[in-house]
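J.: Fit chain B to the known structure of chain A by using the hints.
Taken in sequence, the protein lines are chains A and B. Here the first sequence is numbered in our numbering, starting from 4 and rising by one per residue. Here the second sequence is numbered in our numbering, starting from 48 and rising by one per residue.
Since the hints were derived computationally from the structure, they do not count as laboratory data. The structure displayed is predicted, hence computed values, not measured ones. Keep in mind that a hint or two might mislead.
[Claimed, not checked] From the structure, some residues in chain A lie toward chain B, with a derived Cβ separation under 10 Å: (1) Arg-57; (2) Asn-88; (3) Gln-113.
Just so it is clear, CB atoms sit at the ideal spot from N, CA and C, and this is done for glycine as well.
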Amino acid sequence: MPNKIAVEARNAVKVFGQGASTHSALSDVSVSIRQGEFFTLLGPSGCGKTTLLRLIAGFETPTSGQILLDGADITNLPPNKRAVNTVFQSYALFPHLTVAQNIGFGLQMQGRPKAEVKATVAEMLALVKLQAMADRKTSQLSGGQQQRVALARALAPKPKVLLLDEPLSALDAKLRKDMQIELKRLQMETGITFIFVTHDQEEALTMSDRIAVMSAGQIQQMGTPRDIYTRPANRFVASFIGETNFLPGLTVPGGVQLDCGATVAVDGQYGAAKVTLAIRPEQVRLQAADSPGAIPATITNWVYFGTDTHCHLVLADGSALVARLQSPAMGEAGLEIGANVAISFAPGAAQVLQD
Amino acid sequence: MTQSTEQAGSIARKNWLLSAPALVVLTLAAAGPLMIMVVYSFLTPGEYGNVTWQFSLNGWRGILLTEDIFEPGTYALADAHLTILLRSLKLSLMTTLITALVGFPTAWFIATKPVKTRILWLFLITIPFWTNLLIRTFAINEVIRNDGILNSLLIWAGAISAPIQILYTDTAVFIGMTYVYLPFMVLPIFAAIDRFDMRLLEAGYDLYASRGQVLRRVILPIVKPGIIAGSILVFIPSIGAYVIPRILGGGKNLMVGNLIDLQFGQGRNWPLGAALGMTLLIIVMIALVFYTRLTNRGAARG
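Isolated chain A, as found in the complex (with noise of 0.2 Å):
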């Protein structure tokens, strides 16, 4: 049951535009998204992302490719004929419906009996905890709340798959991580497949179960949130998730060896080649300037952010990192600018780019 896929692209390709002035927003898109799953597709505006939601949810139809939901070819099929519903980003409430009848309407327009619909209506008010809100209008809500309404409009019908487009960029960042506990807490209690567009990798780090990044109409990478994190694919992702140093070295026996000449081991056999070596800041220990075997570097600045403290170094060939510390307790001591430090990285934590 974990295993069975929910919705599948396969090869899908979106070109928008005619003759000249074509734009392809998505190139050769295959994924499988199992049922129950809370899926996220990651990337800056303009990768495609929201092209791929569209294409599942029935708005677009692929230049080429297929979409398959539950194993059933969906690909021509109109918006109203798929069991797929939408939270879009705007909410799009229907102004002149009340909270309650916004979320009878997918009901409605299936044909449910009228004690089925005031059920599940009922049920759902419950869901999303806005029971006093039932015969208010949309209008008079505020963003949580017509957020919350547009959650349980599009889940009343109960969809195989639910499609959420960036829902809470709208909102206060309070309010957000609110709503990202209440979004989880829905996938979890409902068993409903979510398939969530979003910009913030934060956001996708903490919900998901897997993620795909995105990026110029292609996935990146697609794996849980910490494989993702840990072991970035390539240099876009290590980039667009999180903070990483970037340091440019060469594949020797054993390890790489980076421009500065030191020797970083890590996992794994490359060829000979000129490769990256990515760390993340949190990854980075400063050391005792003489330590043996660790880096020598100069500490350039440093900028307090309270719970840590980023300390800014060069290394001896002029590339430069950032560390993130702790922040210790008394003052910031040896953190002076221009002192002689040296640095190495936690087992394991070095990943090499070969792009």
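T.: Same frame as chain A, now just chain B:
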């Protein structure tokens, strides 16, 4: 009385004085003529038009009843007036309906065009306003008369052997009013559709609504105020139309406007004309009350 309330009083008096010019204009231009109409409707007609200052209910009675010429004091239903009133009502309601049916798709077409071309289409819709109503009506006359463009074309194409009599029928008046008042329907509906959030269409389709259901359950309820405003803007001038029935209806297919004109002209019955005018006003007011009810209900729900 304290100093400050005295001051407030003098400010209020000053504000009243400031609005005096507007009040004078309103009294002279709106309330004044209306009062004259009300008073005249209760007077006795003069021999050569005008009125004599003697109270009479004959003006109002004359709307529905006619006095027998040979037996004063016996009244019969004024069939002619009733026919004219009903025709006016029927033709203006039909005009409203057909302009709404044609105007909605037209407005939708324009509102969904890119902004640049939209301006061109709106310009084309408003062009007829630049021409005198009389000339436009005669143009319609030219199209529909027996040896006019339409009949000539149909005969030439072999669709008919003898011209169809359209001119001087209710149909002619209906065609004329539809043509002239269509922009009044298109523009308010356009304004409503322009404000309509097209993303709601996707939301509708996404929630299993068919095209027809999206139209009935999403689009129409939201743009309804525009349709109602357009209906009012078409209905009011339609029911009071004068030039169009005069030219396209010939002498026989009168509407209320022509009947009123007749009372002040050949009929020499100013009180009846005034009473008919007031009747028209009442019909329009009923329509307006109906309109506010409809829009309020829409607002309460939306």
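J.: Take the hints in turn and mark each one as holding or not.
T.: The hints, checked one at a time:
Satisfaction of the interface hint for Arg-57(A) is found here, the shortest Cβ-Cβ separation to chain B being roughly 9 Å, below the 10 Å cut-off. The criterion of a C-beta within 10 Å of any C-beta in chain B is met by Asn-88(A), whose closest approach is roughly 6 Å, and the hint holds. With a cut of 10 Å, the hint placing Gln-113(A) at the interface with chain B holds, because the nearest CB-to-CB distance is about 5 Å.
Of the hints listed earlier, there is not a single one the structure fails to meet.
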